[in-house]
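Participant: Protein chains in written order, with my numbering: chain A, 25 to 421; chain B, 580 to 878; chain C, 15 to 765.
Worth double-checking, as some hints may not be accurate.
[What the hints assert, rightly or not] Capping the alpha-carbon separation at 30 Å, the derived lysine-lysine pairs in DSS-like fashion look like this:
id, chain 1, residue 1, chain 2, residue 2
1, C, Lys-142, B, Lys-841
2, B, Lys-795, C, Lys-725
3, A, Lys-235, B, Lys-765
4, A, Lys-232, B, Lys-769
5, B, Lys-837, C, Lys-161
6, B, Lys-666, A, Lys-78
7, A, Lys-235, B, Lys-815
8, C, Lys-201, C, Lys-161
9, C, Lys-33, B, Lys-841
10, A, Lys-81, B, Lys-615
11, C, Lys-755, B, Lys-834
12, C, Lys-759, B, Lys-837
13, B, Lys-825, C, Lys-300
14, A, Lys-232, B, Lys-765
15, B, Lys-834, C, Lys-142
16, B, Lys-795, C, Lys-300
17, B, Lys-787, C, Lys-138
18, C, Lys-531, C, Lys-433
19, A, Lys-189, B, Lys-638
20, A, Lys-339, A, Lys-257
21, C, Lys-725, B, Lys-834
22, B, Lys-638, C, Lys-725
23, B, Lys-841, C, Lys-136
24, C, Lys-755, B, Lys-837
25, A, Lys-339, A, Lys-49
26, B, Lys-787, B, Lys-731
27, B, Lys-834, C, Lys-171
28, B, Lys-615, C, Lys-725
29, C, Lys-138, B, Lys-834
30, B, Lys-837, C, Lys-171
31, B, Lys-615, A, Lys-235
32, B, Lys-841, C, Lys-138
33, B, Lys-834, C, Lys-201
34, B, Lys-825, C, Lys-305
These aren't lab readings, by the way, just hints derived from the structure by calculation.
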Amino acid sequence: MISELCTANYAGGYTFAICGNANRKARGCGTGIYPITPQTEIVETVVQLFDKGKIEKGRIFHVESEHSAMGACIGISVEGARSFTATSSNGALYMAENIVSASLFRLPIVMQIVNRTLGPEWNIWSEQGDSLMFRDWGWIQIYCENNQELVDHIIMAFYISENHKVLLPSMVCVDAFILSHTMMPVMLPTQEEADEYLPLLDLPHRLKHEKPFTIGGLALPRVTASHRYDMEKEIYNVFDVYKEAQDRFEELFGRRPEDPAIGHYHEDAEIILISSSTVSSTVRNVVDSLRKKGIKVGMVKIKMFRPFPTEQLIKLVGNAEKIAVLDRNFALGAPNKIGGIFVQEVFNSLWFAGSRNLVQSYIVGIGGMDVTPNVIEDIVDDISKRKRPESSIWKGL
Amino acid sequence: MNIENESEILRSKNTNCAGCGMSIALNFIGDALGNKVKMAIPACCAIVTPHSFPYSSYKVPVVASTFAASSVVAAGMKAVQQMNNEKGHVIAFAGDGGTFDIGMATISAAAERNEDIIYVCYDNEVYGNTGAQRSSATPVGAITSTTPHGKKEGKKDIMGIMIQHNIPYAATLSIGYPDDFIRKVKTAGKIQGFRFLHILSPCIPNWKIEPSYTVKIARLAVNTGVFPLYEVFNHKEYHITHKPAKIQPLQEYLKMQKRFSKIDDSMAAMLQGMIKENWEHLLKMEEMFPPAELTAKYN
Amino acid sequence: MIKFRIHGRGGQGGVTLAKILGFMYWIEGKWVQAFGDYSAERTGAPILAFTLVDDVEITNRSKIYYPDHLIILDPTLISDNILSGLQPGGYLIIDSPYPPEHFNRFPGYRVATINAKKTALKYKLGTKTTPITNTTIAGAMAKVFGKDFSIVEKTIKAINFPEQNISAARDAFSEVKIGDIVPGKLKVIDVVMPSEPIPPLITGNIGTEPLLNTGDWKSEEPFYSEDHIPPCNFNCPAGNNIRGFIEEMTKGNYDGALEILRETTPLPGSTARVCPHPCEDFCNRKDIDEKINIHALERLAADKGKVKPLKPRIERKEKVAIIGSGPAGLSAAYQLRRFGYRPTIYESQPEPGGMMRTGIPAYRLPDDVLNAEIQYIIDSGVEIKCNAPIDSKSSFERLLSEYDAVIIAVGLSFGSDLKLKGATTDNVIQGVDFLWKVNFGEKVSPGLHVIVIGGGNTAIDASRTALRLGAPEVTIVYRRSREEMPAIREEIEAALKEGVKLRFLYSPVHVLHREGKSILQVQKMKLGEPGEDGRRKPIPVPDEYDEIEYTTLILATGQYADLSFLAKDIAIENGFIKTDAFGITSHDKVFAVGDVVSNDGTVTHAVGFGRRVADAVHHYISGAPLPDYAQDKSKITTAQQMNLYYFAPSKRNEIPEAPVEKRTKNFEEVNLGIDTIEEALRCLSCGVCNACATDGISKCVLFCPERTIHKITSTKLEINYEGCKGCLICMEVCPRNAIDKRTIKKEAMAQ
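Just chain A, same shape as in the assembly:
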């Protein structure tokens, strides 16, 4: 690994290029690219590296829309080459049809999503509503806390997605501007390291003249049900393969990427804050300072949203009396006016496990509003006084 000071977008573009090139001894790689703020630097980086000859066997499609960007990835992927792209916000919506195609085709495409608020109104700042729209169709979803996580999880995403026990695409998500345009020190993989880490892609159902078939044609109801059930069974294989990917990472690079869900001061905490992406970073910061004040507060970061790491979550929250879930997203019209998408998964997980923790939903950072330590301290303050939960509490209004 080499040390670099760079934005998440540069780090993502670089890692894509290196990982794509790692498949040069097999069928190569390719991407369809289309710019959208705040994703643009990713595709620019890929193109620059390509032009420098860093991608020896690959093709970049300068397409006319996000829909075609993913279309190109699908074409590349069904032919057995490694494929990746990146988008954001309304770009993802325009791409939607092909995003779903990619997972239903069982193609191991990796996509960086820069989480940006959906418009209108025109808002370029961070919110998770774009990627969360695609939570139900078989994409693996990782939400990163910092630029390093992005790099590590792009490498791991290829490893996991391309594994024959999985064969599902991955979204690796970072917050707009907060990471995408923010420089911080990062360890980037060298080409040799990526080559060593990633097995060559061998797509079992790639198109071959010798054994022609039609993929994606008509399926009768029972066929579709059966295939969907296959996906449902196999998406949970991600947990095992994720472990493999962590082990291998540690073995080769000497550090271990965190689990899908991670706790911090959680073991003896009375209050646990659950969050994701960069919010988790700030939460950690606040937890550390509150601990110094003796407040028994801890946190759980949910890094992987799909498949959802329920077992780990249950273990991590343990018997904490109160749980605050911070969502930078909101589903309108949800039951009990509790629209945070993460919190809904938390409710489901805890209820099924028979837990009786008090769970309160907090909506933070909508439309890219800054989530400051103060906001988080307020939340801790609020929940510590709370006797029973109520509807989602919107912070900062």
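Go by the hints and put chains B and C onto chain A.
Facilitator: Relative to chain A, chains B and C alone:
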């Protein structure tokens, strides 16, 4: 032509209607290119053709792309084949809906990038898969379920649009003229870059014709000037490949198809006018940009 | 609740029928649920639709697995499985022309039938290939379920269907046949829900061929016609299978070609040379460029082909005598030999052949050609007695007593005398006599000026023969114009080329003798109205005369037979023996054939007639039925029925001729023949499939959307009906009108 008895691309006993023009087109493409072909097919009749999973009536690998995306999916496939030095053609095979309408932007972009694929539009002038709604390829006067009194607007000049992309090869093909058809597909097969083949594909249920008339109507379309046969190399060599000795009157063509049963005089005049204008335009283009080396090379 | 399940095919309107039924009950105040089981249906593919009827609101939204009644729009959908879940006593309402009793395979259920397709077609509902029968069936349903017809009428009006739907429904209401419960043990077919494992998308065995019975979709199917007649065949006086022999020629199979010719003629080498070939006049190729040179091909086949003498399968002991060894006699003898008889020909001349020997000059029909063909007939087992005239009543009676049957084939051997005033015997000769003398080697010197009177082949033959005997000036005088000349056109051309002069519209009046010279006075004629034979009649122009000098005057204005030897009970009319088309005379064991009956004047007609008379004799002796040679004119393939645009233009291969200056000095053959099968490749094979062997790819194979037509030999194709959806494109595109269609009797399958 060395034609085996069976189609290289399409198995018999597929789900296509009896007398389907698209089936014939696929067979001719197979005759010209053999079976080293892969296809990306968007929503259209041709993606119902293979029947349901796990079966396939295609003898070649096929990806069912999203409606607008066949050309870019095909381009992705071709790129990987090229970087792996693999032979074989990748065809985007789409209907008029996927070409003239929803796929327009994608095709335009693929043409502009000069992707190395053969784009085939089998044009039955209607959204056939959904039961006959108008498309921008539907000719004036034709009844569809969304133009119950006949379409008021004329057909989009898709060839004109594609030619202006300066692609290396664009051609119209008729299943009524197999020699010309197969020669043009072979020509397309020898050229690199984005090749656009526009096939008029008579549709039994939606044109409301007898199944046996498919080929006859396709010929008549050529000889009435409804669908002139020509090819254009690199935007600069126009070659009309079939000049009818005498343009036949439109009446018989319209009479054979019940979809034109409500065409009134003004619509018929508009259709006839468009045909005449198109034909004269074509002659003029051929005069200004006459066949030269490229035409000679591939004819 | 009443539950209907409709079984139909895409395009028949089955889903609409479900909705129409729903309307019928809804109008009555019932609660209704009507829906189709949508799939990727295409025209012809099986589909299901359902109608549920109840007095109270229906809330079950699932499909129907246990219907009360079935409606079956296409009998080919019938199998035992169709009964799946059907409740005992339920109706099967079937679109079929058969009565309910026809469907006795459904014990425990009731059957009602209605010929709905026919009714729908009558009212022009749908297309010929896919009639839409839903309203018709609805009419039948109303009757079966005891409704008033007004309900149907109201329904059709309510859904805004055109008026003729009501008429169709009304017909069905009165025509539906309702059966009782089919006797026997109730047949119960359990509902089977699918349970087979689904292969996974990624690693499954996928891409296999779907097993669809698309062959069942069709109601009509194409087939290669066997009764289309090429115009050449139809118009051959000898009844030769012209298309058949040319087919063999295209493959270079001269022996095979000759074998086909020999089925109908023993004299192909001769007819190839002397026949006026009417077949070519009707050749459809002329609509593209030039007609096929059929006679050149016949000659090539006859000259190059080799066929072993006949070996009949059985030998017959009955004796047949034939008087005359001309083409009619030889043809009759040959065909009788094919039946197994060993006929005897009595010939008055020293050599056999009749007019082919005595009348046709050697430059048209060389002796060795004729000899070889006659030798073939002899080798096959026919006896020819030469110098054996039957010219008296006693000799004829003797034949009648010795033989089981006698055929008169004496031809017309005598020239008609014009009885010109002033004509002397020393320099006036009958054309037939003139030619006889030359053919038998007698020395004839016609002198400097020869006039031939007549416009037929004898006149042309005599004129060209006179040239060859050294006459420097030969003039044919004919009273009509060139157009009316009955002689073969090519022969007229050849005569002109050789220097024969033609004087048209002159009729001889009398002969003058002046200064030791013979002079023919001729009168100018003009053409009047067409006569019975279609030719315009000559009318004398008053006071316009001309004179022509001659050293020999040859009369070639017609021939007759001497029939004085015949028994009285053989009917004669205008100097010809009266027979039917088979040569059957008024005397039961006497038959007559050839010019003595019909005065057709060609070898080819005589050959055809000879074959028919052989049939008649065989019929008389053995009782075998007379064959029916009557050909249905409507079966002739016309150029309009063909798709001529598939054929590239090509040039006719003409027969080269010997140079004029050389050939007029002797009796060597003028026409040299062609030595290429290219001409055969030009044949369009009208009405007869040859797998497009001569013009590229088989069009039916090429255009068949299913590619389900296969070559079984280089010239034969076969349709695989399992793959055929019955679109009939093959029929429409066939260049040569060789494909017909037939209706499939689907009901037969349903039994």
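Participant: Each hint should be assessed against the structure and marked as holding or not.
Facilitator: Here's how the hints hold up against the structure:
A C-alpha spacing of about 21 Å is found between Lys-142 (chain C) and Lys-841 (chain B), which places the hinted pair at or below 30 Å, so the restraint holds. Restraint check: the Cα-Cα separation between Lys-795 (chain B) and Lys-725 (chain C) comes to about 24 Å, which is no more than 30 Å; the hinted pair holds. Between Lys-235 (chain A) and Lys-765 (chain B), the direct Cα distance comes to roughly 24 Å. Compliance with the 30 Å bound is thereby established for this hinted pair. Pair hint Lys-232 (chain A) plus Lys-769 (chain B) holds up; C-alpha atoms about 22 Å apart against a cutoff of 30 Å.
Distance hint between Lys-837 (chain B) and Lys-161 (chain C) is unfulfilled; the C-alpha atoms sit about 35 Å from each other, more than 30 Å. Simply put, Lys-666 (chain B) and Lys-78 (chain A) have alpha-carbon atoms about 26 Å apart, close enough for the 30 Å limit, and the pair holds. Between Lys-235 (chain A) and Lys-815 (chain B) the alpha-carbon distance is near 41 Å, which puts this suggested pair outside the 30 Å criterion. For the suggested pair Lys-201 (chain C) and Lys-161 (chain C), the alpha carbons sit about 29 Å apart, so the restraint of at most 30 Å is met.
Between Lys-33 (chain C) and Lys-841 (chain B), the direct Cα distance comes to roughly 27 Å. Compliance with the 30 Å bound is thereby established for this hinted pair. About 23 Å separates the Cα atoms of Lys-81 (chain A) and Lys-615 (chain B), which keeps this hinted pair within 30 Å; it holds. Our distance criterion of 30 Å between C-alpha atoms is met by Lys-755 (chain C) and Lys-834 (chain B), whose separation comes to about 23 Å. For the hint linking Lys-759 (chain C) to Lys-837 (chain B), the alpha-carbon distance of about 28 Å falls within 30 Å, and the restraint holds.
Restraint check: the Cα-Cα separation between Lys-825 (chain B) and Lys-300 (chain C) comes to about 21 Å, which is no more than 30 Å; the hinted pair holds. Between the alpha carbons of Lys-232 (chain A) and Lys-765 (chain B) the distance comes to roughly 22 Å, so the proposed pair stays at or under 30 Å and holds. Simply put, Lys-834 (chain B) and Lys-142 (chain C) have alpha-carbon atoms about 16 Å apart, close enough for the 30 Å limit, and the pair holds. Our distance criterion of 30 Å between C-alpha atoms is met by Lys-795 (chain B) and Lys-300 (chain C), whose separation comes to about 23 Å.
For the suggested pair Lys-787 (chain B) and Lys-138 (chain C), the alpha carbons sit about 13 Å apart, so the restraint of at most 30 Å is met. With a C-alpha separation of about 19 Å, the suggested pair Lys-531 (chain C) and Lys-433 (chain C) falls inside the 30 Å cut-off, and the hint holds. For the hint pairing Lys-189 (chain A) with Lys-638 (chain B), the CA-to-CA distance comes to about 29 Å; that is within 30 Å, so the pair holds. Of the supplied pair hints, the one linking Lys-339 (chain A) and Lys-257 (chain A) holds, its CA atoms being roughly 23 Å apart against a limit of 30 Å.
Between the alpha carbons of Lys-725 (chain C) and Lys-834 (chain B) the distance comes to roughly 36 Å, so the proposed pair goes past 30 Å and is violated. About 21 Å separates the Cα atoms of Lys-638 (chain B) and Lys-725 (chain C), which keeps this hinted pair within 30 Å; it holds. Taking the CA atoms of Lys-841 (chain B) and Lys-136 (chain C), the gap is about 23 Å. The hint holds against a cut of 30 Å. With a C-alpha separation of about 23 Å, the suggested pairing of Lys-755 (chain C) with Lys-837 (chain B) holds against the 30 Å cut-off.
Under the criterion of a C-alpha separation no larger than 30 Å, the hint pairing Lys-339 (chain A) with Lys-49 (chain A) is inconsistent with the structure, at around 42 Å. The straight-line distance between the Cα atoms of Lys-787 (chain B) and Lys-731 (chain B) is roughly 19 Å, inside the 30 Å bound, and the hint therefore holds. For a cut-off of 30 Å, the pair hint linking Lys-834 (chain B) to Lys-171 (chain C) stands: about 28 Å separates their Cα positions. Restraint check: the Cα-Cα separation between Lys-615 (chain B) and Lys-725 (chain C) comes to about 24 Å, which is no more than 30 Å; the hinted pair holds.
Between Lys-138 (chain C) and Lys-834 (chain B), the direct Cα distance comes to roughly 16 Å. Compliance with the 30 Å bound is thereby established for this hinted pair. For a cut-off of 30 Å, the pair hint linking Lys-837 (chain B) to Lys-171 (chain C) stands: about 23 Å separates their Cα positions. Distance check on the hinted pair: Lys-615 (chain B) and Lys-235 (chain A) sit about 12 Å apart at the alpha-carbon level, within 30 Å; holds. Taking the CA atoms of Lys-841 (chain B) and Lys-138 (chain C), the gap is about 17 Å. The hint holds against a cut of 30 Å.
About 51 Å separates the Cα atoms of Lys-834 (chain B) and Lys-201 (chain C), which puts this hinted pair outside 30 Å; it is violated. Distance hint between Lys-825 (chain B) and Lys-305 (chain C) is fulfilled; the C-alpha atoms sit about 25 Å from each other, no more than 30 Å.
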